[in-house]
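K.L.:
Hey, can you piece these two chains together into the complex? The hints should help.
Residue numbers (my numbering), protein chains in the order written: chain L, 1 to 113; chain P, 1 to 177.
Rather than coming from a laboratory, the hints here were simulated on the basis of the structure.
All of these numbers come straight from a predicted model, not from anything done at the bench.
The beta-carbon is built from N, C-alpha and C at its ideal position, and this holds for glycine as well.
There is no bait here: all hints are sound.
Lysine-lysine pairs mimicking BS3-like chemistry, simulated, CA-CA at most 30 Å apart: (1) L:13 with P:167; (2) L:13 with P:158; (3) P:70 with L:13; (4) P:70 with P:158; (5) P:70 with P:60; (6) P:170 with L:13; (7) P:169 with P:158; (8) P:60 with L:107; (9) L:13 with P:169; (10) P:170 with P:158.
Derived list of chain L stretches under chain P, where covered just means 3 residues or more per stretch with a C-beta under 8 Å from a C-beta of chain P: (11) 4–14; (12) 23–33.
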Amino acid sequence: MNEQVEQDWLDRKLQEAAPYIEDDGFTARVLQQLPAPRQAGQFLRPFILVGMSALASALTYVLSDGGRFILVEMFRLTTIPTLWVVAFALASGMLVMAGGIFAAMSKSSHIQS
Amino acid sequence: MELTDAGLVARVLVDEDQHAFGELVRRHQSSVRGLLRQLTRGDIALADDLAQEAFVRAYKNIRGFRGEAKFSTWLYRIAYNCFREDARRRKELVGINEEQWQAEQDPQTVDPGLRHDLMHALSLLPLHERSAVLLCCQNGLSHDEAARALDIPLGTVKTNVLRGREKLKKTLAVWAQ
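Isolated chain P (complex conformation) (with noise of 0.2 Å):
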């Protein structure tokens, strides 16, 4: 039978098992680096470092995962400050600098299937709403969970992820004709 994620959790709290720490981080390495590369909007190396880094995080704070939120939630609270601290270290806070953002992006290099339209704009959204957006609609977290992995009160989450979703649908309406 396999084990669910508290169970694994339990495993590495009480034996230090890092086979049992594998099989948590082979379950959620997708949905980690996939948050990392919106976020970092797709610097892969950057994003699988961010995404090596926060595991290696979780694992040496696997005790103050208290099982209030789910694994998930909790993992990604760490990857999004790794990511944060990381954009703090490099000064180029995401979120910042959106209008040179925008008149970076040349619209003929843009592609012109769906996902790329949809991951272009998703590039285009300011931080907050990007990171809560992400959360929600694409990892399926409840506003309340998002809140937590964002550590912002949850009319915040609501807020962010409505105006993202106005911009996105506002940036998509030929696609959603």
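Chain L with its partners taken away, still in its complex shape (with noise of 0.2 Å):
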């Protein structure tokens, strides 16, 4: 027997050796395990939240008088002593950092898991 027909011969064996395997409820089971999928309102919702936000925010302005309390509130703010807005931006900043971290922590060990 030459090489190619032996070789031929042994693809076809192995060709024959793996019968079709009957589905028996394998599909069913995977679709089971598969997340739900993403409803078309999820979609909009990005737009719905900040229609509202918007929304909300004009109403506020209309009904404060015109919002005179913004005014009132960015003075008062420039009283304020240097030291506290300083002591203000480092803790907002640390504040972030930590959220940052922990979310790519949580976000390595997910991908990792």
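P.N.:
Next up, the structure:
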């Protein structure tokens, strides 16, 4: 038996030795494991949130005498000692950084798992 | 008209159509489960668990399928990765312990039929040769496709197929006559 014939024989036998495996509910089990598809409304959710926020802001502005309180509060802000502002900025920065580190760590552990 | 694999993948991508994905599973379940059964040396329960994991992973990462290779090749790659990860987890990466495996095999228990001899001979091959032989000779992938599925160089696939075939031929010489 020459090389090619032998090779063909072996390949044929290998293919014959792998019979079709009946589904027997396998596909149904896989489909049960799939994550639920996103609903159509989910796509609109960020737009709805932004729209509602804008509407609420506009209402607040109108109902608060043209936003006079904003001017008052901004004036108050100018009177706060500089040290307080620096401390507040530093604390905010550290808080954001801690949040970022936590998010990165949980993401990397999720990817590793 | 029956949709192609690429058409079904497009439906999954655009509409998150799980029925379309179900059709893909139905089409490929036999070959993926068959491959994993061979890789796990006939452990049907484990092979089916891994196949299930592979299909779920394929669904979750379907955006990573760019259509450069056939869908089945991409699927084989995921299934093979699932198998390797599981083997690593179990700390019994098949292929390392070949001598022990061979010693454990009792020749008296081997079925005299060719199919069983073939399966037995296959199970004795080291993992890298077995997976290459299974993909190329049994599942009909080209060397290039198998290289993609196994994520190894093309030359390595060719060598592994050649060596695996030689060993199988030697083991089954009596049947080929």
